[in-house]
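Undergrad: In order, the protein sequences belong to chains S and B.
Under our numbering, the residue at position 169 of the first sequence is numbered 169, and the numbers go up by one with no gaps.
Under our numbering, the residue at position 9 of the second sequence is numbered 9, and the numbers go up by one with no gaps.
The set of hints was computed from the structure by calculation and includes no laboratory data.
One should not assume that every hint holds.
Stated by the list, open to error - Just so you have them, the derived chain S footprint on chain B, three or more residues with Cβ under 8 Å:
| # | segment |
| --- | --- |
| 1 | 28-36 |
| 2 | 46-55 |
| 3 | 60-70 |
| 4 | 76-86 |
| 5 | 110-120 |
Ideal Cβ placement from N, Cα and C applies to all residues, glycine included.
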Amino acid sequence: MTEYLPLFMLAAMFALIFVGVQVAFALAGTALIFGYLVFQDAVIFQFMDKVEDIASNYVLAAVPLFVFMGTMLERSGIAEELFEAVHLWTRRLPGGLALGTVLMCVIFAASTGVIGATETVVGLLAIPVMLKYAYSKPLICGTICAGGSLGTIIPPSVVVVVLGPVADVSVGDLLVGMIFPGLIMAGLYLLYIFLLCVLRPAAGPRIPPAPDEPPLARRLLVTAHALLPPLFMIFAVLGSIMLGWAAPTEAAALGALGAVLLTLFYRRFSLAMLRDSVLKTLRITAMIMAILLGGTIFTGVFFAAGGIALTNQAVAYFDLQAWELLFLLLGMAFLAGFVLDWISILLIFIPIFMPLVTGAGFNPVWFCILFLIIIQTSYLTPPLAPAIFYLRGIAPPSITLLDMYKGVLPFILLQAVTLALVMTFPQTVLWLPSKLLGFN
Amino acid sequence: MEGRAALPQRPGQAGLKGLLGVLDRISGSTGALAAWLVVPLIAASCYEVFSRYVMGAPTIWAYEVGTMVMGTHFLIGLAYTLREGEHVRVDLFYAQVSRKKRALIDAFTYVVLLLPVAAWLSIGLAQKVAAAWESQERSGMSAFNPVIWPFRAVMCAAFALLALQALAQLIRCYQILRDAE
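Let's have the full structure, built from the sequences with the hints guiding it.
TA: The structure is reproduced here in structure tokens:
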């Protein structure tokens, strides 16, 4: 029976998670119980090793830094500035308000590493305006949810900082490799919204020219005032990584400093706000790191108890082709996305997947980006869609849950299209890092 | 709450409430202190970049100090985050059941899963702290090479704090179950 112990361990862990036990504790707890059955008292030494490994991993210091950057930016007032500036240019187009919202999300996502915060800020600004101009409600919901969750796939991204060490892939390669896939996804969103509103003008009616349309010079000034500071931050973080000046953690620290300077620039800085930000940063960081700890401990015991042999047996038994294996793995992650959040999916699946992926001869960086795109869907797929959860918190009652479900559906399909594109053309991921960081 | 106060209190009830308050305050104040560690973390990492490119000489300490600050930050924050109820869970089922059933699920989590892990880790790490103190073991990770026992002591303390907060949460579960009767 002991050879099937890893299977019972997986089953017990999933059962606990679905009952509602905190994910981190479900992982660590099952690891302790099953680890004790196999290794008795020695299990605690493995636990302590994992704790020390994670607590001494410099790359992971980027997690609190990116989270802090996000919480500061959220309060910096930059969203309001960007919103105004972007809409000066897009609002006359078909679906212009929605297009502007996605564009703004891209800029916001490129200057911060977390989602959720972005979505709330953007949603609060954009929903009332789009409702006022009679945009279709599903389109409003889809735009806000999909745009707001771009933070994962547009670098920098906290997800990648955790994914790198867990998958044993360089965080720098991932951050550079995801640039094109992220832009492709955002580009598809824009294209879809534009085409929809051209074909069905009622979905996103054009706004009549206002009598007080500001002159070009004024528009340029507003745009510069709103756009230059975030561009400067994007350069500080991404530029310093791409040029090889700074490790991801150092780049994150520069970005965090930039976010503080930005709140000073827009005169939003106060000690009370800084205090709120550091406390929120700690809560989010500790939550992420707890699951990281639990997941690492869990997979450590899972593998030591024979989990590797078992998964290899299963793969050999089904005699899968490399591509079939790839689809199976991504399919499992997609299904998990209906109920699990990104960090849980990542910690449960990546350690088990990576040996299979490299064994099948796939490029690990490329696979990680595919995985990131799949994780992207987990934000939008009901019943547990964080994006919809955030939206419900800010949407007026006239927008129903059905509008939200209808609204996210096309965007989930667009994510699938992105996945297909990146699968078919691995260069979209691999070309840029090979040019910039000289990896092959 | 007010309605309850009129009921005769069982012995030990006030003591339990007092204990809960003390435990909550411990997690709250250690968490609030740890939260500010992002500031030195930003400062150390930015100074390292500045020192390398502008002064032309990297520091020997920024890497390891940054690592230890990061570790201390999130480890000490685990208990505070538990108090704030921010460790994520899948609440598909959990959100549908009664308050009492939720308290039962939580009590199970703390007694069977979290308390053993946190308590055992903190005891095991305490022994490692003692061993590292005896031998004055150094990290060997960089030229800075600090003695390792202080950081180990932080890890040990962090899991002790987590165990204490788990105890506090358990008291909460007990109160809910008792009130439900």
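Undergrad: All hints are to be evaluated individually against the structure, with a verdict given for each.
TA: Cross-check of the supplied hints:
no.	hint	in the structure
1	28-36	holds (count 5)
2	46-55	holds (count 4)
3	60-70	holds (count 6)
4	76-86	holds (count 6)
5	110-120	holds (count 6)
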